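Make the full structure from the sequences, and use the hints.
In order, the protein sequence lines correspond to chains X and W. Counting with our numbering, you get residues 2 to 309 for the letters of the first sequence. Counting with our numbering, you get residues 14 to 317 for the letters of the second sequence.
In short, the hints are calculated from the structure, not lab data. These figures come from a predicted structure and were not determined experimentally. Note that CB positions come from ideal geometry on N, CA and C, so glycine has one too. Heads up, some of the hints might be wrong.
[To be verified] To give an idea of the interface, some chain W residues facing chain X are shown, with a C-beta separation under 7 Å as derived from the structure:
#	residue
1	114
2	118
3	125
4	126
5	132
6	136
7	138
8	139
9	140
10	143
11	144
12	166
13	169
14	170
15	173
16	176
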Amino acid sequence: MPAKASRAAFGEVLLDLGARDERIVTLDADLSKSTMTVGFAKKYPQRAFNLGIAESNVIGVGAGLALTGRIPFACSFACFIVGRFETIRISVAYTNANLKIVGTHSGVAIGEDGYSQMGVEDIACIRSLPNIGIIQPADELETKQVIAYAVEHQGPLYLRLTRQNLEPVCPPEYRFQYGRWLTLRRGHDVTLIGTGGPLFNCLEAARRLQTDGISAEVINAACIKPLDEEMLVQSAGKTGHVVTVEDHSVAGGLGGAVAEFLGEVLPTPIKRLGVRTFGESGDPKGLYSKHGLDPAGIADSVKKFLNR
Amino acid sequence: MGEVRLESIARECRVQILRMLAHAGSGHPGGSLSVIDILASLFFGRLKFDPTRPDWPERDRVVLSKGHAVPALYAVLARAGYFPDNQLVTLRKLGSPLQGHPDRTALPGIEAATGSLGQGLSISLGLALGLKLASSKSRVYCILGDGEVQEGQVWEAAMSAPKLGQPEHALDNLVVILDYNKIQLDNFVKKVLDIEPITAKWQSFGWPVLEIDGHDVAQITKALDQAEATSGGPTFIVAHTVKGKGVSFMENDPEWHGRAPKPAEAIKAIREVLGVAESGWENYLKTDSATRAIVDELSALEKK
Chain X
2 MPAKASRAAF
12 GEVLLDLGAR
22 DERIVTLDAD
32 LSKSTMTVGF
42 AKKYPQRAFN
52 LGIAESNVIG
62 VGAGLALTGR
72 IPFACSFACF
82 IVGRFETIRI
92 SVAYTNANLK
102 IVGTHSGVAI
112 GEDGYSQMGV
122 EDIACIRSLP
132 NIGIIQPADE
142 LETKQVIAYA
152 VEHQGPLYLR
162 LTRQNLEPVC
172 PPEYRFQYGR
182 WLTLRRGHDV
192 TLIGTGGPLF
202 NCLEAARRLQ
212 TDGISAEVIN
222 AACIKPLDEE
232 MLVQSAGKTG
242 HVVTVEDHSV
252 AGGLGGAVAE
262 FLGEVLPTPI
272 KRLGVRTFGE
282 SGDPKGLYSK
292 HGLDPAGIAD
302 SVKKFLNR
Chain W
14 MGEVRLESIA
24 RECRVQILRM
34 LAHAGSGHPG
44 GSLSVIDILA
54 SLFFGRLKFD
64 PTRPDWPERD
74 RVVLSKGHAV
84 PALYAVLARA
94 GYFPDNQLVT
104 LRKLGSPLQG
114 HPDRTALPGI
124 EAATGSLGQG
134 LSISLGLALG
144 LKLASSKSRV
154 YCILGDGEVQ
164 EGQVWEAAMS
174 APKLGQPEHA
184 LDNLVVILDY
194 NKIQLDNFVK
204 KVLDIEPITA
214 KWQSFGWPVL
224 EIDGHDVAQI
234 TKALDQAEAT
244 SGGPTFIVAH
254 TVKGKGVSFM
264 ENDPEWHGRA
274 PKPAEAIKAI
284 REVLGVAESG
294 WENYLKTDSA
304 TRAIVDELSA
314 LEKK
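Structure, rendered in structure tokens:
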């Protein structure tokens, strides 16, 4: 499979799912060309609603539709949709509306548009709410499975997608399971837990570390809430060193979730790689390099962390 | 005849509102008393519902966007048979499904969590659209507070509603009622942030607007009839109301937005709601055992 953005995979799979399930509807806030629901809107104009640049209303209308048995996907950039946190908090999570919130353009890897368009705090916000799960697929195959799963899942979900193309990382036989992670590479010195965009770089970093005699286990944490606690304890217990890698703030993201859990259950030295400042304009590769999310940056951080 | 019945039910509900707020020791009497005639007219003069099947798909939906007035909704739901009257005194108590603001997951009959102001109209749009998509005949009634329309999300929803679902799924199954009691928490709405000209605002967003006295059940009924006869889009009703309606010392006083009556105050308020002079109160209570029980219960609470 060639590299593909998870937003593009989302748009494609929605066309198939929409044909099979009449309940699926989409809601957009004038970004349907960017969230990639535009294809769905063309194919099913009666089931696609563009509510204009009014994300709070998009979320609320989605919640109401969900309460009548529709399966709405409410879509915008991650920062704009999760920025309407209070509406998600009450109209979706507390109401327990079966709404699928899709945040595309997550992370600094959106590049040139700069910080105001980058969702780098969205996981932290949503993670604080009961009832709502968080899934971030890492490639096309996984995205299509995650979206199909989201249709079946009873309850609200936050689905975090990328603008940029993602290299395939999951094997063809992979089947996504809610609350379960996937071990992409086995190792015994350090556990690299990646999610979404930088996961491919984790695999490349692991290959580089191997040449330096460091055996890195690489895990794809697509499900950020709930965590795969079983796999986390098992792998952290084996390697004794955990490094989290995400295109999101280190505060409250996957790294925060892992640190909170292990801190209570199995205290383990942890290094959180991610975003520690506001984002900025630039090319995506350069930004990953600046934030230490490229293969060299991840490998360097692991070596320092292990004192090797 | 129907009007007398609705007025009588609204009076009973006012008594229950005062009762439960005194037991809770906190809550919002002013806005509960201003909205109760509207809620009573809806539930007992208009709505399709079945308390034994709260999730009956064909029911009409009420979204009380001004969620702080939920004591009024609880009074109506209890009267409608969703739960027993004696549960009303658990309002705001630990473990009670009668949360301080509506919790859909806790109490059957609540359609959406509200009370974080400005959100209920968007949810109502979604409900109305979903029902239209399902070719349902059910209707949606959303009740907004006047202070609440200062929230931006209300205007996002207001802008989209007349256009949403057009033409084949136009939201003519949606009625939005503004409980315009002129007072919000801090002060008179006019002094905090005047929302006038409110009728012109909604009209300019494409809504037909009706203006009524929100305590006159005949006017409420007529406006709801008119809304139901309107096709092609939703209807907005400006219901002019009095905050604290029915209780002399609560009416038009911002102080009673968010302060519960003490038991003795509640008893006095109940007497006023029932239209009984102080001199005739003891004799009246001999003829009304239900009120007697409520008053005795409040007297006991006073002594605690």
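Could you check the structure against the hints above and give me the numbers of any it violates, in ascending order? 1, 16
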